[in-house]
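Protein chains in written order, with this note's numbering: chain C, 2 to 403; chain G, 2 to 403.
Treat the hints as calculated values from the structure; they're not laboratory data.
In this text, a Cβ means the ideal position worked out from N, Cα and C, and glycines have one as well.
Treat the hints loosely; a few may be bogus.
As the list claims (entries may be wrong) - Label pairs and their in silico Cβ distance ranges:
1. G/Gln183 / C/Gly365: 55 to 61 Å
2. G/Lys345 / C/Gly16: 54 to 60 Å
3. C/Gly103 / G/Arg90: 54 to 60 Å
4. C/Lys54 / G/Phe3: 38 to 44 Å
5. G/Glu7 / C/Gly16: 37 to 43 Å
6. C/Gly16 / G/Asp195: 52 to 58 Å
7. C/Tyr360 / G/Ser4: 34 to 40 Å
8. C/Ala207 / G/Phe3: 32 to 38 Å
9. C/Pro104 / G/Glu85: 34 to 40 Å
10. G/Glu85 / C/Lys141: 54 to 60 Å
11. G/Gly240 / C/Gly16: 50 to 56 Å
Here are the chains, one letter per residue:
Protein chains: 2
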Amino acid sequence: MFSRMELISGLTVEGKSKMLLLVLDGLGGLPGEDGGTELESAHRPNLDALAAKAELGMLEIVDVGVTPGSGPGHLSLFGYDPLEFEIGRGILEALGLGIDVGPGDVCARGNFATWGDGDVVVDRRAGRIPTEKNRALVEKLRQEISEVEGARVRLYPGEEHRFVAVFSGDGLKDAVFDADPQVAGPMKWATPTDPAGERMAHVANAFIRKVRDVLRDERPANGCLLRGFSSAPHIPSLGELYKIRPAAAATYPMYKGLARLVGMEILEAGKELEGVFDAVASNWGDFDYFYVHVKYTDSRGEDGDFDAKRRMVEEVDSLLPRLTSLCPDVIAIAGDHSTPARLKAHSWHPVPFMLASPYVRPCGAKSFGERECARGSLGIMPAHKLMGLMLAHALRLVKFGA
Amino acid sequence: MFSRMELISGLTVEGKSKMLLLVLDGLGGLPGEDGGTELESAHRPNLDALAAKAELGMLEIVDVGVTPGSGPGHLSLFGYDPLEFEIGRGILEALGLGIDVGPGDVCARGNFATWGDGDVVVDRRAGRIPTEKNRALVEKLRQEISEVEGARVRLYPGEEHRFVAVFSGDGLKDAVFDADPQVAGPMKWATPTDPAGERMAHVANAFIRKVRDVLRDERPANGCLLRGFSSAPHIPSLGELYKIRPAAAATYPMYKGLARLVGMEILEAGKELEGVFDAVASNWGDFDYFYVHVKYTDSRGEDGDFDAKRRMVEEVDSLLPRLTSLCPDVIAIAGDHSTPARLKAHSWHPVPFMLASPYVRPCGAKSFGERECARGSLGIMPAHKLMGLMLAHALRLVKFGA
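Hey, can you work out the whole structure from these sequences and the hints?
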């Protein structure tokens with residue numbers, strides 16, 4: 002037996018066809034007052050026109066009832082079984098800050114904290130210091146600490162009391178449990194969860210002591226904690242797996258980071274929605290698989306703003322011709338999870354998607370929405386199978402068996 | 002990689018929401034003369050009204066084409082993969098008789114049999130002696146045999162020639178093959194299938210010799226056979242897995258036994274249908290997951306009585322408001338397998354189900370029936386995933402990954 006990924010990879014051949022995956026983050030929703038979801042109640046003539054020529058279905062991102070984080074959500078859309086390929090919190094935090102994490106590097110999420118005498122942690126968040134203060138503290142630490150016990154250390158400020166530490170060097174493994182007492186009280190130092198993590202735990206604790214020393218005259222942030230030790234997982238690259246040249250157009254660092262993790266080239270897309278659409282057009286000749294990420298549908302869902310999420314769908318709809326006019330051979334439109342405004346959070350509901358190519362069996366859909374997709378001919382499909390289906394429609398897969 | 006059960010268990014948090022699973026045993030059917038199934042042709046206004054606000058689908062209990070027994074049917078509905086968690090026949094027989102089976106106990110199904118000279122089995126069923134005779138024989142054996150080779154023995158009469166033996170004591174394992182020649186002829190004694198089963202096989206054979214001795218003057222039942230040696234499987238309890246307080250309202254011993262096996266509290270529900278509905282209401286405050294079992298839909302299906310099964314659905318429909326008026330946060334209605342009257346037996350057909358909660362995407366169903374469910378937005382779902390879906394709708398699961 003072999004995995005789905007190995008199966009598809011083994012069938013892949015090179016080709017000239019072009020594939021495009023448009024991800025509306027958090028696309029799936031729940032019915033609002035008029036009975037339609039955010040997507041269903043949006044004015045979306047371009048999406049509907051495409052749906053009429055496409056095949057529709059629902060994506061199960063992780064498994065029935067399971068609410069996906071952004072990491073598993075995207076890995077699944079990129080063809081990786083999210084239960085097989087997991088991404089640690091430290092790594093995702095680093096990706097979110099746009100930090101380049103290499104193989105063997107270990108990331109940890111840091112908190113600035115208030116320490117009392119005798120290694121007692123008085124406030125695990127140092128009173129949630131302002132982000133500006135955080136930046137100043139990180140700058141100070143950078144001046145003083147670039148190496149600990151032979152390991153290189155890089156530091157990056159986050160919001161309020163949060164920062165990220167990246168450790169590089171021989172013998173560092175992420176098999177380390179948090180240096181964090183969880184509640185105010187005596188410090189709990191980093192401990193290896195496996196002998197392989199011994200050196201990393203030792204380096205982490207030495208780093209924390211050095212930070213205490215450098216910040217000894219600061220108040221309230223006179224120390225730090227570290228948790229979520231994680232290395233970039235070994236993920237085979239899309240290019241190697243499927244003989245494609247993949248590129249990503251995204252505005253948010255975390256999604257660029259996820260795309261980089263699977264071997265995509267990151268296109269210059271700026272900070273605005275239009276930028277991601279234009280980035281595809283300007284790089285059309287150089288790649289054959291484009292991942293286009295729209296963050297704001299998820300953000301408006303998380304805000305609980307049904308109408309704003311609906312309007313965001315409408316804005317994407319109005320920009321869609323910039324992609325369809327490039328005439329990709331295969332276009333898939335989906336979300337990485339649902340984010341119903343009513344829940345103000347990611348949810349477990351399957352995600353509507355459509356797939357258009359010259360080789361679909363159109364099912365006569367009148368629109369692109371949750372309920373039309375639930376009746377779609379593609380059924381409810383594990384999201385990590387989408388990549389293989391796109392490759393099939395791009396005529397990039399040979400026959401299995403004779 | 003981990004199993005579905007481990008995945009869901011790891012995501013579970015405590016909560017105050019309440020879940021209810023109503024099982025109409027053998028619910029699924031086949032079309033009768035007027036073209037509708039037993040369920041479809043029933044007058045079921047309450048089920049239909051709930052369906053209009055719910056999501057519908059079909060449950061695949063074990064696997065496509067596989068007819069489930071009651072054990073796998075229920076384990077699957079309770080969230081256990083029925084191919085991973087198997088229940089031996091001896092255990093199920095014991096549960097069906099309402100026998101309390103502890104950890105380490107080994108159950109076996111017994112037959113009273115007619116033995117000839119020289120350990121030859123002449124009739125494996127002793128001419129199917131009347132149940133009354135069976136009771137008298139078991140009583141006689143109880144007087145004479147309470148222990149064999151240091152193991153405690155408990156005996157329970159069944160129907161006709163069948164009884165159940167439960168062996169308790171150190172070193173007893175169910176790795177034993179039947180003490181039963183299968184056809185009339187020389188006795189085949191119990192043999193260990195694994196060295197761990199040696200003591201149990203030895204005890205079983207000594208027990209059979211003792212029975213021969215006690216019943217030497219009886220005719221035709223002057224001996225016995227034992228088969229289906231099995232221990233209660235180690236099944237992690239629902240409470241531990243999902244941080245819930247589960248309770249069962251059922252009238253039949255086997256279903257109470259199955260519920261006890263997975264750690265449910267058994268409510269006092271009497272012997273009548275109304276009792277199970279009222280038991281839920283009277284215990285509503287003390288639990289947060291209720292399993293309600295209606296046996297008679299299956300019984301009427303097994304009788305081959307289409308109309309009686311249809312009427313049983315109607316009776317459940319009329320009682321449904323006693324459950325819905327309790328306002329559970331999540332209500333799932335399903336069968337544990339199909340029992341079409343036309344087949345007079347369990348069948349492999351997927352089972353219609355619906356799930357109602359404030360967080361569904363209603364698909365505008367006009368009724369609750371096999372064909373409406375086959376078009377439902379939840380698709381065809383492995384039944385053992387229902388528990389996780391109920392927990393999701395009860396807002397009891399946290400996000401997977403960051």
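Checked hints:
{"no.": "1", "hint": "G/Gln183 / C/Gly365: 55 to 61 Å", "verdict": "holds (58 Å)"}
{"no.": "2", "hint": "G/Lys345 / C/Gly16: 54 to 60 Å", "verdict": "holds (56 Å)"}
{"no.": "3", "hint": "C/Gly103 / G/Arg90: 54 to 60 Å", "verdict": "holds (58 Å)"}
{"no.": "4", "hint": "C/Lys54 / G/Phe3: 38 to 44 Å", "verdict": "holds (40 Å)"}
{"no.": "5", "hint": "G/Glu7 / C/Gly16: 37 to 43 Å", "verdict": "holds (40 Å)"}
{"no.": "6", "hint": "C/Gly16 / G/Asp195: 52 to 58 Å", "verdict": "holds (54 Å)"}
{"no.": "7", "hint": "C/Tyr360 / G/Ser4: 34 to 40 Å", "verdict": "holds (36 Å)"}
{"no.": "8", "hint": "C/Ala207 / G/Phe3: 32 to 38 Å", "verdict": "holds (34 Å)"}
{"no.": "9", "hint": "C/Pro104 / G/Glu85: 34 to 40 Å", "verdict": "holds (36 Å)"}
{"no.": "10", "hint": "G/Glu85 / C/Lys141: 54 to 60 Å", "verdict": "holds (55 Å)"}
{"no.": "11", "hint": "G/Gly240 / C/Gly16: 50 to 56 Å", "verdict": "holds (54 Å)"}
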